[in-house]
Amino acid sequence: MDRLAAFGRLGLSVIASLGRSGRFLAGALGGVPRPSVGFPLLLKQLYSVGVLSLAIIVVSGLFIGMVLGLQGYTILSDYGSEAAIGQMIALTLVRELGPVVTALLFAGRAGSALTAEIGLMKTTEQLSSMEMMGVDPLRRVIAPRLWAGFISVPVLAAVFSVVGIWGGMLVGVEWLGVFEGSFWGNMQSSVSFTSDVLNGVVKSLVFGFVCTWIAVYQGYDCVPTSAGISAATTKTVVYSSLAVLGLDFVLTAVMFGDF
Amino acid sequence: MDTSPYIELRDVVFTRGNRRIFDGVSLDIPRGKITAIMGPSGTGKTTLLRLIGGQLKPDSGSISVAGENVPELKRKALYRLREKMGMLFQSGALFTDLSVFENVAFPLRVHTTLPEDMIRDIVLMKLEAVGLRGARDLMPAELSGGMTRRVALARSIALDPELIMYDEPFTGQDPIAMGVLVKLIRDLNSSMGLTSVLVSHDVPESLSICHYACIVADGRIIGDGTPEELRAHPSEQVQQFLRGHPDGPVPFHYPAADAAQDWSMAGRGD
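Residue numbers (the working numbering), protein chains in the order written: chain A, 431 to 689; chain B, 984 to 1253.
Think of the hints as simulated: they come from the structure by calculation, not from any bench.
Predicted model only: the values in this text are computed from it and were never measured.
Each hint should be verified, as a subset may be incorrect.
[Unchecked claim] Going by beta-carbon spacing under 8 Å, a handful of chain B positions derived as facing chain A:
no. : residue
1   : A1060
2   : A1076
3   : L1091
4   : V1093
5   : T1095
6   : W1246
[As the list claims (entries may be wrong)] Restraint ranges, calculated between C-beta atoms of paired labels, are given here:
no. : chain 1 : residue 1 : chain 2 : residue 2 : range
7   : B       : G1176     : A       : L484      : 33 to 43 Å
8   : B       : V1093     : A       : Y477      : 36 to 46 Å
9   : A       : V653      : B       : D1120     : 29 to 39 Å
10  : A       : T624      : B       : L1097     : 46 to 56 Å
11  : A       : V668      : B       : K1057     : 34 to 44 Å
12  : A       : A436      : B       : D1120     : 35 to 45 Å
13  : A       : L484      : B       : M1108     : 50 to 60 Å
14  : A       : G615      : B       : M1122     : 55 to 65 Å
15  : B       : R1003     : A       : L484      : 52 to 62 Å
16  : A       : V467      : B       : M1108     : 19 to 29 Å
17  : B       : D1042     : A       : A436      : 26 to 36 Å
18  : B       : T1095     : A       : G461      : 15 to 25 Å
Built from N, CA and C at the ideal position, the CB exists for glycine as well.
Let the sequences and hints guide you as you build the complete structure.
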């Protein structure tokens, strides 16, 4: 009986938390800010969330592309079709690895920072004091961070894919000697803009939305103690990663599963 | 002059989880005076300020501030009412990414469309009032505890509020900083005609500046009146709090099981 009650309690708390996060999102995105106020705040967040994540995205993209080049070459050359390496690298990156790995890195690099920052602002009563000054922290603090995340992730994913393809080219063409013309030519003829590139963009839009929402909500909802912040930061990374991987399967099934 | 109370609480009941924090509190806070709300730690003094500021909603009862019933206000009206309130938080709650100057300028920039040179004048005036005009370019991390609270005070009076609430302003301050804060609270009240609410457990400092005080314990008000009236209050609980006796109606021991059980006297045969 106790177990059943505990299970029920868990279910209720999960649902209550979902409801709170929904209201939180509506509160943050509900208002239309004055551009003269909102734009500088957004720019500042775009810098700290997006621009500062560029380094990790570029470096990871480069290495993943290079690994794809090496692995792809080893496998494809068994069948004498190493010329298809460009197509393989581009499809893997644009459809899957670009959006997914970018979202995972984003959750670790920017999501955890957002959670910790907002959690600390809550703990030090900065959010409360803003409220008491007649400024809604949801609009002032949360909204710019949400929008910055929504905008940054798709752009970062695009950068990731581009750098990855370039890394694959470095290994495949410059090092292993695949003919450059067939590398690019195969890629161009087999990667479709609508079904591959746009679907990848849709994925990264969804991942960006979910990761930023989780990060910002966890910070806002954290228990205002040091242990609370650390728990919230961990939750951000764990929940974001699981959500991204789970959603990726669902989205892939919807987009590419022709059954 | 309007002599009706600025804040009126009527039968306010507030529970958090299973704990009843307030059980029918009624209280009038007079206009233009300093009112001290005192009581042992953990009795919900800060909660009372949050109820007045509308950050928390009571389970029942009414809280009227400047004639408006706070728990029933719509979001927009609540935010407009808050522009008339200043609150000094225990930690100061300065925005750590902004300089002292920008912290004080923050409410002005958000709520007014004043030109930059006028904002500068007002900010410097407010900083001068707390004696920190020279610290305008420092970052919050570079300030001492007392200075942080003074900057926070300058920020909370930036919009010339009608009401200012101080949450434990004296806690953790050295004697000089404490003296400065006492002087500032008194000066602000007399020069600006502010209604001030002071939440504190520092008895001598609070009683030395307030016009009116009340003591909260066990979810209700156990004594109120002018400082003189309180000092002569017949209730033992009030006297214990004012004089700081370690044992009395508020027991020294947290409720515990019978001591004999804990040390298992029974099992220690002879």
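Hints and how they fare:
no., hint, in the structure
1, A1060, "violated, 11 Å"
2, A1076, "holds, 4 Å"
3, L1091, "violated, 10 Å"
4, V1093, "holds, 5 Å"
5, T1095, "violated, 12 Å"
6, W1246, "violated, 32 Å"
7, B:G1176 / A:L484: 33 to 43 Å, "violated, 54 Å"
8, B:V1093 / A:Y477: 36 to 46 Å, "violated, 21 Å"
9, A:V653 / B:D1120: 29 to 39 Å, "holds, 35 Å"
10, A:T624 / B:L1097: 46 to 56 Å, "holds, 52 Å"
11, A:V668 / B:K1057: 34 to 44 Å, "holds, 38 Å"
12, A:A436 / B:D1120: 35 to 45 Å, "violated, 55 Å"
13, A:L484 / B:M1108: 50 to 60 Å, "violated, 43 Å"
14, A:G615 / B:M1122: 55 to 65 Å, "holds, 57 Å"
15, B:R1003 / A:L484: 52 to 62 Å, "holds, 53 Å"
16, A:V467 / B:M1108: 19 to 29 Å, "holds, 24 Å"
17, B:D1042 / A:A436: 26 to 36 Å, "holds, 27 Å"
18, B:T1095 / A:G461: 15 to 25 Å, "holds, 19 Å"
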